[in-house]
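There are 2 protein chains.
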Amino acid sequence: MSIHEEYDRVFKALSSHVRRQILDDLKDQPLTTGTLCGNFAHLDRCTVMQHLKVLEDAGLVVAERRGRERWNHLNAMPIQDIHDRWIGPHAAAATARLARFKQAVEAR
Amino acid sequence: MSIHEEYDRVFKALSSHVRRQILDDLKDQPLTTGTLCGNFAHLDRCTVMQHLKVLEDAGLVVAERRGRERWNHLNAMPIQDIHDRWIGPHAAAATARLARFKQAVEAR
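If you're matching them up, the sequences are chains A and B in order. For the first sequence, our numbering begins at 1070 and goes up steadily by one. For the second sequence, our numbering begins at 1070 and goes up steadily by one.
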């Protein structure tokens, strides 16, 4: 898989509020699939599992089996990657553009 | 449109390599649709226009008509927004986790 396809997959995985919420929930600690499903009481278990699968395919969640439980761990490295290589530089350029604009307005 | 839906739309727009490339091309200067289509010689004009439409709907590109030409401007504010509110904090947490891990390994 090329780096472009990897990034496509990560951005696609992040394009759902439910999936971003799952990652937020996993930020401080791994959680079992049961707990995660409980956090999304308005969604049926099957839907949450499908979202988890998309996150796993994008490398954002790593699952670990312990007995009958499935523990879901956040892997934030792909997020850091798109941050460092794409989002960060664009955000910095936006900030710099805004600063230049402010200077130009003030210099009038 | 809620903030969640807005973010969904921005991440979705960024989930295509061609669309990220268009934004990269617009980073330093606005370009006409004709020039952009020329930059993607392997794609037909109609496909590039569809990608531009997705970027426009996500607020990432603002089009300006000058006579018969259509100039496309990058609007990086939505990128800065997802950077500041979502990507940045997750990337920072990943860096902090890695630093703690390194410390733990070195303390052994």
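Certain hints may be false.
Copies of one chain are not kept apart here, so a pair can be met inside one copy or by any two copies together.
Said to hold, decoys possible - Cut-off 25 Å, straight-line C-alpha distance, at most; resulting in silico cross-link-like pairs (SDA-like, lysine to any residue): (1) 1171 / 1092; (2) 1096 / 1166; (3) 1096 / 1078; (4) 1096 / 1144; (5) 1122 / 1166; (6) 1122 / 1168; (7) 1171 / 1093; (8) 1171 / 1120; (9) 1171 / 1100; (10) 1096 / 1155; (11) 1171 / 1094; (12) 1122 / 1145; (13) 1171 / 1123.
Calculated from the structure, these hints are not laboratory results.
For each hint, the structure was consulted:
Taking identical chains as interchangeable, the C-alpha atoms of residue 1171 and residue 1092 lie at most 25 Å apart only when they sit on different chains, with a minimum of 23 Å there against 36 Å within one chain. For the homomeric pair residue 1096 and residue 1166, the shortest alpha-carbon distance between copies (10 Å) is at most 25 Å, but the shortest distance inside one copy (32 Å) is not. Within a single copy, residue 1096 and residue 1078 get their C-alpha atoms as close as 20 Å, and across copies as close as 23 Å, so both meet the 25 Å cut-off. In the homo-oligomer, the alpha carbons of residue 1096 and residue 1144 lie at most 25 Å apart inside one protomer (9 Å), although the nearest pairing across protomers, at 30 Å, exceeds that limit.
Proximity of residue 1122 and residue 1166 under a CA criterion of 25 Å is satisfied inter-copy only: 24 Å between copies versus 39 Å inside one chain copy. In this assembly of identical chains, residue 1122 and residue 1168 lie within 25 Å of each other by CA distance neither inside one copy nor across copies; the values are 42 Å within and 28 Å between. With identical chains, the CA atoms of residue 1171 and residue 1093 are at most 25 Å apart between copies only, with a shortest distance of 23 Å across copies and 35 Å within one. Neither within a single protomer nor between protomers do residue 1171 and residue 1120 lie at most 25 Å apart by alpha-carbon distance, with minima of 42 Å and 31 Å respectively.
Taking identical chains as interchangeable, the C-alpha atoms of residue 1171 and residue 1100 lie at most 25 Å apart only when they sit on different chains, with a minimum of 23 Å there against 46 Å within one chain. Taking the shortest Cα distances, residue 1096 and residue 1155 sit within 25 Å of each other both inside one copy (22 Å) and across copies (12 Å). In this assembly of identical chains, the alpha carbons of residue 1171 and residue 1094 lie at most 25 Å apart only when taken from different copies (24 Å versus 38 Å within one copy). In this assembly of identical chains, the alpha carbons of residue 1122 and residue 1145 lie at most 25 Å apart only when taken from the same copy (16 Å versus 31 Å across copies).
For the homomeric pair residue 1171 and residue 1123, neither the shortest alpha-carbon distance inside one copy (42 Å) nor that between copies (29 Å) is at most 25 Å.
The earlier numbered hints that this structure contradicts are 6, 8 and 13.
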